[in-house]
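Chemist: Each chain, letter by letter, is given below.
There are 2 protein chains.
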Amino acid sequence: MRYSMIVIINMKKITFITGNENKLKEARAILKDFVIENKKLDLPEIQEIDAGKIIEAKLRQAYESEKATYIVEDTSLYIEALNGLPGPLIKWFLETIGTVGIYELASKYDNQVAYTSCMIGYIDEKGRTDFFEGRVKGKIVEPRGKTNFGWDPIFLPDGHEKTFAEMTEEEKNATSHRKLAFVALGDFLKNLRP
Amino acid sequence: MRYSMIVIINMKKITFITGNENKLKEARAILKDFVIENKKLDLPEIQEIDAGKIIEAKLRQAYESEKATYIVEDTSLYIEALNGLPGPLIKWFLETIGTVGIYELASKYDNQVAYTSCMIGYIDEKGRTDFFEGRVKGKIVEPRGKTNFGWDPIFLPDGHEKTFAEMTEEEKNATSHRKLAFVALGDFLKNLRP
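Residue numbers (this note's numbering), protein chains in the order written: chain L, 58 to 251; chain H, 58 to 251.
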């Protein structure tokens, strides 16, 4: 004799605005109690030094196109000697002076401290927003390791001997700013009233 | 006996998207054959290193809100040693490290050459766009002169002994990137078929 039981749980659906499969996988691994779908929307980024405002503008655009629950993620690099520059404008530093140029720039200052940050913005079906940030402190160093992912070769997280580019994907995910941000979002979602 | 004559000329009307009275005055002085009105619209700037794309996005937004003929202007600072950074992102450099911080940064390199640029975008009633740029070559120097206008204290145009901040308004307007851009736009407009 066999018993079967079907449990129907109304799992909350969240749409992650991303075209990146790895980020989607990471989100699903951490936000296990939710159905994470993804949507690749090419939303324009506003020009801002405040990552929260950039993300909020994207959330609002997604929400206006179709009322639903969304998450948007953005990554920044804050260099202490430059009072936080480039922050969310890192993309344009990479495009103009490149990873090596950023290292050379930072090396001209006495202070090489930098923070890599992932901010996740969440908008619920009522249009309310919340933001979650994961930050990792480290140093800008001479490029080491694979060169295929942004500033990974020049960022050495505190307490580690490998740059992000020298780490395996698992090593990096274990210490990453993105993981911290997703964990913070997960805690928030768990405590929402059903 | 007195004669009076009324001449009615159908002067082209152009709306300059700006809230700045001085820029409006400058535009009117150069574009004498046109009726230059102004409209203060707070259009979001997209995140881009290409000034033309930033301006084009603004022109399109203005045009979509009301079909008319518009001009939009944006100013950039290109530092040669930084491969053109900050360009149109200058606002965020000023906000984070300030004029003195930009000078200190540039002084760490061997090359202090910089270009100050004004780009004007024009959209006609049919939605066609054209762009006009005025560039002035110079050097980043230690701050000198009034400190109330952006990077003026640290920009010394070639062939001059005064920084933009040390010049009178007339001296600055006579050499300025904005004037060059308006003159180029004026030439273009004159050659349009009536």
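Bear in mind the hints are in silico, worked out from the structure with no lab data behind them.
Take these hints with a grain of salt, some might be off.
Across the chosen pairs, the derived CB separations fall in these ranges [as the list claims (entries may be wrong)]:
(1) H:Lys70 <-> L:Lys203: 53 to 59 angstroms
(2) H:Ala125 <-> L:Gly76: 35 to 41 angstroms
(3) L:Phe245 <-> H:Phe206: 28 to 34 angstroms
(4) L:Asp181 <-> H:Val92: 44 to 50 angstroms
(5) H:Ser122 <-> L:Lys96: 34 to 40 angstroms
(6) H:Lys82 <-> L:Pro101: 31 to 37 angstroms
(7) H:Val240 <-> L:Asp181: 51 to 57 angstroms
(8) H:Val157 <-> L:Val92: 27 to 33 angstroms
(9) L:Asp181 <-> H:Gln118: 36 to 42 angstroms
(10) L:Arg85 <-> H:Val240: 43 to 49 angstroms
Covered by chain L, according to a simulated footprint, are these stretches of chain H (three or more residues, beta-carbon under 8 angstroms) [what the hints assert, rightly or not]:
(11) 177-190
(12) 217-226
(13) 237-246
Every residue, glycine too, gets a C-beta built ideally from N, C-alpha and C.
Chemist: Name the hints, by number, that the structure is in violation of.
Modeler: Result: hints 3, 5, 8, 9, 10, 11, 12, 13 break, sorted rising.
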